[in-house]
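Undergrad: Chains as they are written, first to last, in UniProt numbering: chain A, 1 to 292; chain B, 1 to 346; chain C, 1 to 407.
Simulated from the structure, these hints should not be mistaken for lab results.
It should be emphasised that the depicted structure is a prediction, and the values quoted were computed from it without experimental measurement.
Among the hints, a few may not be true.
One-sided excerpt, in silico: chain B residues whose CB lies under 7 Å from chain A [what the hints assert, rightly or not]: (1) 132; (2) 137; (3) 145; (4) 156; (5) 175; (6) 307; (7) 309; (8) 321.
The beta-carbon is built from N, C-alpha and C at its ideal position, and this holds for glycine as well.
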Amino acid sequence: MAALANQLPIGLSIAAVLLLIALGLTFTFGQMGVVNMAHGEFIMVGAYTAYLLQGAVGGQSLLVALPVAFAVAGLLGLLLEWSLIRRFYGRPLDTLLLTWGVSLVLQQLARDVFGAPNVQVTAPAWLVGGVDVLGVRLPHNRVFITALAALCVLGVGLYLAKLPQGRRMRAVVQNRELAACSGIATGRVDRSTFLLGSGLAGVAGVALTLVGPVGPGLGTFYIVDAFLVVVAGGLGRLRGAVLAALALGFLNGYLEFWTDASLAKVLVFVAVIAFLQIRPQGMVALRGRSLG
Amino acid sequence: MSGRISLVLCVVLLAVAPLVLSPFRLGLLAKYLCFAIVAVGIALAWGRGGMLTLGQGVFFGLGGYAMGMHLKLREAGPAGLPDFMVWSGVEELPALWKPSANPVFALAAVVVLPGLVAFLLGLLVFRQRVRGAYFAILSQALAAAFVILLVGRQGLTGGTNGLTNFSRFFALDLTDPGGRRVVYAITAAALVLTYLAVKLVVRSRFGALLVAVRDHEDRVRFLGYDPALVKTITFAASAVVAGLAGALFVPVVGIISPALLGVVPSLELLVGVALGGRFSLAGAVAGAIAVNYAKTLFSEDFPEGWLYLQGGLFVLVLVFAPRGLAGVVEAARDRFRRRPREEVAG
Amino acid sequence: MRLGNLHRALLALLLPALLATGCVSEPGAGSTDGASGDEIRVGVLHSLSGTMAISEVTVRDAELLAVEELNAAGGVLGKKLVPVVEDGASDWPTFAEKAQKLISQDRVAAVFGGWTSASRKAMLPVFERNKALLWYPVQYEGLESSPYIFYTGATTNQQIVPALDYLASQGKKRMFLVGSDYVFPRTANKIIKAYAAAKGIEVLGEEYTPLGHTEYSTLVNKISDARPDAVFNTLNGDSNVAFFKQLRGSGITAGTTPVVSVSVAEEEVRGIGPENIAGHLVAWNYYQTTRTPANESFVKAFKAKYGADKVTSDPMEAGYNAVKLWAEAVKKAGTAEVEAVRQASGGIALDAPEGRTTIHGDNQHVAKTARIGVVQPDGQIREVWASDGPIEPDPYLKGYDWASGLS
Chain A
1 MAALANQLPI GLSIAAVLLL IALGLTFTFG QMGVVNMAHG EFIMVGAYTA
51 YLLQGAVGGQ SLLVALPVAF AVAGLLGLLL EWSLIRRFYG RPLDTLLLTW
101 GVSLVLQQLA RDVFGAPNVQ VTAPAWLVGG VDVLGVRLPH NRVFITALAA
151 LCVLGVGLYL AKLPQGRRMR AVVQNRELAA CSGIATGRVD RSTFLLGSGL
201 AGVAGVALTL VGPVGPGLGT FYIVDAFLVV VAGGLGRLRG AVLAALALGF
251 LNGYLEFWTD ASLAKVLVFV AVIAFLQIRP QGMVALRGRS LG
Chain B
1 MSGRISLVLC VVLLAVAPLV LSPFRLGLLA KYLCFAIVAV GIALAWGRGG
51 MLTLGQGVFF GLGGYAMGMH LKLREAGPAG LPDFMVWSGV EELPALWKPS
101 ANPVFALAAV VVLPGLVAFL LGLLVFRQRV RGAYFAILSQ ALAAAFVILL
151 VGRQGLTGGT NGLTNFSRFF ALDLTDPGGR RVVYAITAAA LVLTYLAVKL
201 VVRSRFGALL VAVRDHEDRV RFLGYDPALV KTITFAASAV VAGLAGALFV
251 PVVGIISPAL LGVVPSLELL VGVALGGRFS LAGAVAGAIA VNYAKTLFSE
301 DFPEGWLYLQ GGLFVLVLVF APRGLAGVVE AARDRFRRRP REEVAG
Chain C
1 MRLGNLHRAL LALLLPALLA TGCVSEPGAG STDGASGDEI RVGVLHSLSG
51 TMAISEVTVR DAELLAVEEL NAAGGVLGKK LVPVVEDGAS DWPTFAEKAQ
101 KLISQDRVAA VFGGWTSASR KAMLPVFERN KALLWYPVQY EGLESSPYIF
151 YTGATTNQQI VPALDYLASQ GKKRMFLVGS DYVFPRTANK IIKAYAAAKG
201 IEVLGEEYTP LGHTEYSTLV NKISDARPDA VFNTLNGDSN VAFFKQLRGS
251 GITAGTTPVV SVSVAEEEVR GIGPENIAGH LVAWNYYQTT RTPANESFVK
301 AFKAKYGADK VTSDPMEAGY NAVKLWAEAV KKAGTAEVEA VRQASGGIAL
351 DAPEGRTTIH GDNQHVAKTA RIGVVQPDGQ IREVWASDGP IEPDPYLKGY
401 DWASGLS
């Protein structure tokens with residue numbers, strides 16, 4: 001029974017990881033129709049940033065790494081958008097293949113620079129261990145990741161609702177042509193969206209060093225799950241991404257608890273397909289007049 | 001007319017290959033031809049139908065396993081069990097394996113099983129008008145789930161090891177170069193026949209309808225056609241082709257394992273098609289052969305460079321020649337003949 | 001679009017490819033022992049790219065070191081060894097393909113290679129068909145004995161069974177089994193369950209996760225809930241990093257519930273982070289800290305060649321031994337010809353870094369000393385228990401009553 005109760009925070013923390021890795025994707029995919037297969041490699045860039053900083057900064061490097069990784073991954077994303085992706089608007093399938101090509105190059109680059117073996121990122125002392133609350137075990141690193149995910153959602157929510165850039169972004173998501181007609185520089189909005197999306201991947205990468213391996217293949221472990229969240233949540237919708245991450249997180253947690261890890265993964269996939277039968281547009285769909 | 005001459009020349013080349021290549025190189029060529037067969041199916045679904053399938057490995061695998069299971073049973077030990085079941089602690093042949101002992105059933109399963117799975121999946125997905133990138137991602141998740149399922153049922157499927165150690169392909173002795181030459185010939189013939197069959201489809205009324213669905217699904221629907229059905233049938237056809245290739249891969253390479261069917265191998269199947277030109281069947285075939293040949297070459301002399309080349313190829317082709325090499329050739333020829341080029345939607 | 005005319009594109013691409021394929025020269029045709037003139041070619045076949053490169057590159061390095069040392073000492077039979085290195089690319093069919101290339105094109109005298117069971121199973125028919133030799137350097141799940149493979153890593157009775165004996169001697173009665181979903185963990189756990197049933201040990205749970213899995217909180221929760229005395233870990237590669245990082249926050253400590261790992265060596269400890277795994281147990285036949293004269297020079301030579309920050313590990317040492325053992329067998333046979341080497345191999349012994357190791361003539365495995373170690377905070381492994389001398393290999397566990405139902 002205690003184990004069953006324990007699964008609750010575990011489901012939440014799985015959801016937090018899913019949300020962190022998928023948050024950036026949902027906007028680049030939703031607004032720009034760009035299926036960014038290199039998103040996982042931006043997560044990797046964030047993780048390696050944390051690795052490099054711990055040598056330079058020491059003890060509390062993780063906190064420093066969060067904004068730095070956002071900047072590094074974000075700028076890399078900007079570069080990718082500016083140099084390649086902007087030539088590909090209206091060709092989502094081509095961007096998928098294009099970014100996959102980019103992801104292969106980034107992986108091999110990481111292997112050549114940092115070596116094939118995993119590197120070690122030491123967690124600061126205050127993130128080691130855990131506490132028992134009402135008989136439920138809460139590891140510190142999981143609490144931290146969950147809080148970070150909540151913070152990211154809050155930040156993105158505020159950005160979309162309050163800042164003019166965010167409002168422009170929403171306008172482009174909802175109707176690109178109309179936004180362009182209203183004088184919004186859609187090209188500039190696209191670039192800032194890509195910066196934000198890739199930056200969030202960098203932040204996720206830093207957080208994942210607490211619970212997972214840091215190596216050249218890091219991105220490949222998360223990319224399929226991230227896309228499932230985006231597809232289930234609905235394109236470009238913050239609320240959809242949160243709901244989908246929570247649903248998949250708890251589903252994963254409890255299914256694995258009752259069956260095993262392999263079966264849980266397969267069942268989650270089946271659940272997503274079944275769900276798309278009912279709501280092909282994902283949980284939170286844009287209202288529109290499209291026939292699609 | 002010159003097209004027909006080229007086709008004949010290609011067939012002649014394929015026929016001459018066994019005379020000039022060593023058995024080892026001939027085996028490699030046969031492997032490339034398997035991938036070329038898959039490429040024909042992908043060119044149909046992706047180039048003609050606009051369905052980017054990132055899960056083609058699943059159908060390749062279904063065909064491969066259907067064939068592998070039968071061959072394994074033919075060589076089974078005294079207890080009638082394949083070798084991996086013995087060391088996995090399985091004592092009785094699972095019910096799922098029993099029909100595979102029948103060669104007619106096995107050969108039928110090679111094409112029917114992938115086709116059926118693709119048809120059912122297509123019905124579910126296309127009816128709900130899931131398309132474009134959504135479809136691509138779902139097909140990718142399918143590949144991921146399929147691999148997990150295969151690996152997790154070791155006693156039934158051989159797990160990560162897959163099915164290996166085949167010494168005979170029906171009456172042919174695979175340990176003998178002569179037997180392997182026949183396997184090559186079968187593969188080459190299968191490629192030519194698949195190519196011609198798909199070509200017929202593309203040129204038929206159905207092929208025209210398919211392109212119409214790709215370019216404007218809604219208009220086709222208003223004209224009274226069922227685009228979902230058109231796409232489902234095409235998707236199933238490309239799966240059948242992939243299954244056939246998977247089945248031939250088993251005697252050619254001597255192994256079928258989950259490592260060949262996952263997310264990454266499924267994407268790799270696309271590289272050649274993109275390079276050669278997805279709108280052109282011949283381009284896709286040439287691209288698949290060229291890319292796999294390059295992979296062999298690179299991994300023999302420069303293993304670390306392969307990912308750079310593969311990734312770089314994708315980027316360069318998509319940026320500079322989205323219609324692939326076939327597009328380049330065609331543009332050059334059009335310029336030569338001063339004929340306006342047709343518009344093609346991505 | 002007029003597709004018909006594009007056959008020319010196909011032709012233009014196919015023709016050079018075909019010609020180039022045909023033109024690749026096939027060196028050394030004619031000899032079957034890899035020897036031509038004053039050289040003997042040997043194949044080295046590991047994954048240099050892909051997911052397995054992490055581990056296999058280090059084994060390749062150790063094997064090349066052994067080749068270099070043999071050459072420095074005058075070669076074998078007065079002939080210089082020439083290694084032909086190929087990439088298995090973490091892809092099992094590629095291993096089979098490259099093995100075939102090494103045998104039929106490079107005509108090597110022996111191949112040193114492989115890591116995963118899947119790669120070995122893929123290569124096995126190639127070596128048996130061509131009657132060529134494979135030296136396989138990694139601990140594995142046993143239940144195999146091919147006449148054309150030499151196994152220089154531990155089989156189950158030299159690693160898993162001693163680890164179980166050790167745990168039993170420490171009074172561990174309740175065990176939890178965790179593994180990656182593939183052949184080695186499943187076979188290992190089958191053996192463990194048979195052992196447990198015979199010795200009154202309770203197996204509280206048996207869980208598998210897909211290869212590359214990184215989410216272990218649910219599994220850790222299951223372990224905490226079961227309260228085992230020890231966890232037997234057969235996870236592979238990257239999953240170990242995630243598992244140990246997530247185990248650490250859960251309150252399970254090495255003091256109360258040690259985790260025994262059989263696929264975590266010095267190299268993996270670095271990626272996991274020593275602070276995350278310190279105090280937990282590992283089972284191997286060799287550690288960098290193993291005290292033998294041969295190991296002293298092995299570690300020194302390895303660091304001199306590849307860098308002072310490099311570590312040595314069990315599979316590396318087994319790969320190094322494989323080359324040296326093969327060379328001894330060739331010297332005894334007086335030729336590098338495969339059947340002669342096989343005939344001569346029985347009883348060949350080597351004072352290896354792990355201590356004395358001897359080839360078993362019948363099953364072509366080697367006798368090895370089993371060692372249990374504790375991971376130290378500095379990333380090294382300290383031996384806490386070792387078997388009394390080398391254990392004879394028994395891949396089918398014929399000598400164990402409790403294992404009679406296994407194969």
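Undergrad: Once the shortest beta carbon distance from residue 132 of chain B to chain A is found, is it less than 7 Å?
TA: Holds - the Cβ of residue 132 of chain B comes within 7 Å of chain A, reaching about 6 Å at its closest.
Undergrad: Is the interface hint for residue 309 of chain B satisfied, with its Cβ closer than 7 Å to some Cβ of chain A?
TA: The hint is violated - residue 309 of chain B has no Cβ within 7 Å of chain A, the shortest such distance being about 9 Å.
Undergrad: So, residue 156 of chain B near chain A? Judge it on the closest CB pair being under 7 Å.
TA: Since chain A brings no Cβ nearer than about 13 Å to residue 156 of chain B, farther than 7 Å, the hint is violated.
Undergrad: For the hint on residue 137 of chain B, does the least C-beta distance to chain A fall short of 7 Å?
TA: Since the shortest Cβ distance to chain A is 5 Å, the answer is holds.
Undergrad: Does residue 175 of chain B meet its interface restraint, that is, does its C-beta lie within less than 7 Å of any C-beta in chain A?
TA: 36 Å, violated
Undergrad: Given residue 145 of chain B as an interface hint, is its Cβ closer than 7 Å to any Cβ of chain A?
TA: This hint holds: residue 145 of chain B lies near chain A, its Cβ roughly 4 Å from the closest one there, short of 7 Å.
Undergrad: Is the interface hint satisfied for residue 307 of chain B? The criterion is a beta-carbon contact with chain A at less than 7 Å.
TA: Check passed: Cβ of residue 307 of chain B comes within 4 Å of chain A, closer than 7 Å.
Undergrad: Take the shortest C-beta to C-beta distance between residue 321 of chain B and chain A; is it under 7 Å?
TA: 12 Å, violated
Hint compliance for this structure: hints 4, 5, 7, 8 are not met, and every other hint is.
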